[in-house]
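Chains as they are written, first to last, in the working numbering: chain A, 1 to 172; chain B, 1 to 223.
Derived from the structure by calculation, the hints contain no laboratory data.
Nothing here was measured: the structure is a model prediction, and the numbers come from that model.
We treat Cβ as the ideally placed atom computed from N, Cα and C, and that holds for glycine.
Mixed in with the good hints there might be a few duds.
Covered stretches of chain A, as calculated for chain B (at least 3 residues, CB under 8 Å) [what the hints assert, rightly or not]:
(1) 15-27
(2) 49-58
(3) 71-78
A partial selection of chain B residues facing chain A, derived with a Cβ cut-off under 8 Å [stated by the list, open to error]:
(4) Trp50
(5) Arg72
(6) Phe79
(7) Val153
(8) Arg154
(9) Val157
(10) Pro161
(11) Gln164
(12) Leu203
For each label pair, taking beta carbons as the anchor points, the in silico distance ranges come out as [claimed, not checked]:
(13) Arg39(A) <-> Ala95(B): 24 to 30 Å
(14) Ser85(A) <-> Arg201(B): 34 to 40 Å
(15) Arg146(B) <-> Gly3(A): 22 to 28 Å
(16) Gln78(A) <-> Asp141(B): 17 to 23 Å
(17) Ala44(A) <-> Gly24(B): 33 to 39 Å
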Amino acid sequence: MTGPCPKWEPLLLDRVAGELDAESSRRLDEHLAACAACRAESAALAETLSLAELPPPSEAEKAALAGAHRSALTTWKQSVRRRRSFAAATAALAVAAAAAAFVLAPGLARRAPDMTAPPAAWEVPDLEEAWSVAEIASPSGDAADEAPAGTAESSGDDVLFAELEDVELDSQ
Amino acid sequence: MPAGTAMGERSDEPRSMLRVLTGGAAERERDSELVRAFLVGDEEAFEELWRRHEPTLLSVVRRYARVPEDARDLVQRAFLRALSASRRGVAARGAKTFPFKAWVLRIAVNLAKNHARDEARWRREPLEAVAAVEASSPSADEALLRRERERLVRKAVLELPRRQREVLTLRLDADLSFEEVAEVLGITRNNAKVCFHHAVRRLRELVGDRASAAADAPEGETP
Numbered sequence: 001m002t003g004p005c006p007k008w009e010p011l012l013l014d015r016v017a018g019e020l021d022a023e024s025s026r027r028l029d030e031h032l033a034a035c036a037a038c039r040a041e042s043a044a045l046a047e048t049l050s051l052a053e054l055p056p057p058s059e060a061e062k063a064a065l066a067g068a069h070r071s072a073l074t075t076w077k078q079s080v081r082r083r084r085s086f087a088a089a090t091a092a093l094a095v096a097a098a099a100a101a102f103v104l105a106p107g108l109a110r111r112a113p114d115m116t117a118p119p120a121a122w123e124v125p126d127l128e129e130a131w132s133v134a135e136i137a138s139p140s141g142d143a144a145d146e147a148p149a150g151t152a153e154s155s156g157d158d159v160l161f162a163e164l165e166d167v168e169l170d171s172q
Numbered sequence: 001m002p003a004g005t006a007m008g009e010r011s012d013e014p015r016s017m018l019r020v021l022t023g024g025a026a027e028r029e030r031d032s033e034l035v036r037a038f039l040v041g042d043e044e045a046f047e048e049l050w051r052r053h054e055p056t057l058l059s060v061v062r063r064y065a066r067v068p069e070d071a072r073d074l075v076q077r078a079f080l081r082a083l084s085a086s087r088r089g090v091a092a093r094g095a096k097t098f099p100f101k102a103w104v105l106r107i108a109v110n111l112a113k114n115h116a117r118d119e120a121r122w123r124r125e126p127l128e129a130v131a132a133v134e135a136s137s138p139s140a141d142e143a144l145l146r147r148e149r150e151r152l153v154r155k156a157v158l159e160l161p162r163r164q165r166e167v168l169t170l171r172l173d174a175d176l177s178f179e180e181v182a183e184v185l186g187i188t189r190n191n192a193k194v195c196f197h198h199a200v201r202r203l204r205e206l207v208g209d210r211a212s213a214a215a216d217a218p219e220g221e222t223p
């Protein structure tokens, strides 16, 4: 079977793309009336797209979407609450740190060594006293109480919230 | 076929008469208004935004979804991500207008593609398996033949090169104009059109090859 005329093939493709203007469409129709190969190709292209097209959404698909906007809205609200809680905690921490700095700064300033005074004379430390107050490090210390890495629980919501914070768009 | 109300109603015109849309600044402005209203707590704005875009989103993702629940999940995730991007745009730059529709469709395309890849479902039946049985046909044999050809072509769509597949499905499934396709994918209109031509030509060749192979295969060996 021969293919379509190379000259007319772009117009055949434009037609199935819905891009053919009226004048081009008229000229193409005139050609199709006289060219069986292009007529066959035109029909084949249209059928190809018809076969590729999906059928309308099924009842099952429609049912699955019912109420989807409500659960999406709920997820959004939860993420907003979570974000606000985090922001509030961060702000409280910043205020506490500022307050601590405000209270402690004068004391720290007072304890600053007087660099102009002569250094105190060095004394031999009491080794007996030093041993009595020292603690022996335990090999089964507090670290054993820590959860091993990777065992933290992660809910589906956590994953979704993480996704919400992970948006990257290449263009605006 | 679903229609995004933001895009205008989809007609029952034959494929050769795909409508041509020019997009619309008014639609974009309306989307932006709704997003801004929602971000300050207007839940009705959320519902309207959802109504405007859900049909188009569904039409974009359903080709890649194996079951309806997958499609729902993809629509929700795309919508939430686009809202999150909008929130950041408003918070960081005080943006008043943004291309919400282009964002949400672009996110949906990427999510759907990743979903299909992650689930390794490329070679499994997508949603048309659910709905194809609804098709009517003069005879059972013709219906069977038609269904098999549909299966082959839709499978071939998923095997197209990425850009061709994206352009074709946005045009075919979501009924976007080439201007809109170009905006969603961040390419030129001409590039979108060329990709569409390549995709159709490729499908046409694949269909021809596979149809011939299927016709030549002995009975019972149809893939």
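Practice task
Just tell me: holds or violated, for the beta carbon distance of arginine 39(A) and alanine 95(B) against 24 to 30 Å?
Solution key: violated (52 Å)
Exercise for the section: Please verify that hint: glutamine 164(B), Cβ, nearest Cβ of chain A, below 8 Å or not. Expected result: violated (12 Å)
Problem - Outcome of range test on Cβ distance (alanine 44(A), glycine 24(B); 33 to 39 Å) - result: With a Cβ separation near 35 Å, alanine 44(A) and glycine 24(B) satisfy 33 to 39 Å, so the hint holds.
Problem - Cβ contact check, 8 Å cutoff: the region 15-27 of chain A against chain B, three residues minimum - result: Since 5 is at least three, the answer is holds.
Practice task
Would you check chain B against the region 49-58 of chain A, counting CB to CB pairs closer than 8 Å, and say if three or more residues qualify?
Solution key: holds (count 10)
Handout entry: Restraint check, 8 Å cut-off on beta carbons, for proline 161(B) near chain A
Key = violated (15 Å)
Exercise for the section: Starting from the hint 17 to 23 Å, judge whether the C-beta atoms of glutamine 78(A) and aspartate 141(B) obey it. Expected result: violated (53 Å)
Exercise for the section: Using the Cβ atoms, figure out if serine 85(A) sits within 34 to 40 Å of arginine 201(B). Expected result: 55 Å Cβ-Cβ, so the 34 to 40 Å window is violated.
Problem - Proposed interface contact between leucine 203(B) and chain A, which counts if any beta carbon pair is under 8 Å - result: holds (5 Å)
Handout entry: Interface hint outcome for valine 153(B) [beta carbon to chain A under 8 Å]
Key = holds (4 Å)
Handout entry: Coverage of the region 71-78 of chain A by chain B (three or more Cβ within 8 Å)
Key = holds (count 5)
Handout entry: Supplied contact hint for tryptophan 50(B), tested at 8 Å Cβ to chain A
Key = holds (4 Å)
Hint compliance for this structure: hints 10, 11, 13, 14, 16 are not met, and every other hint is.
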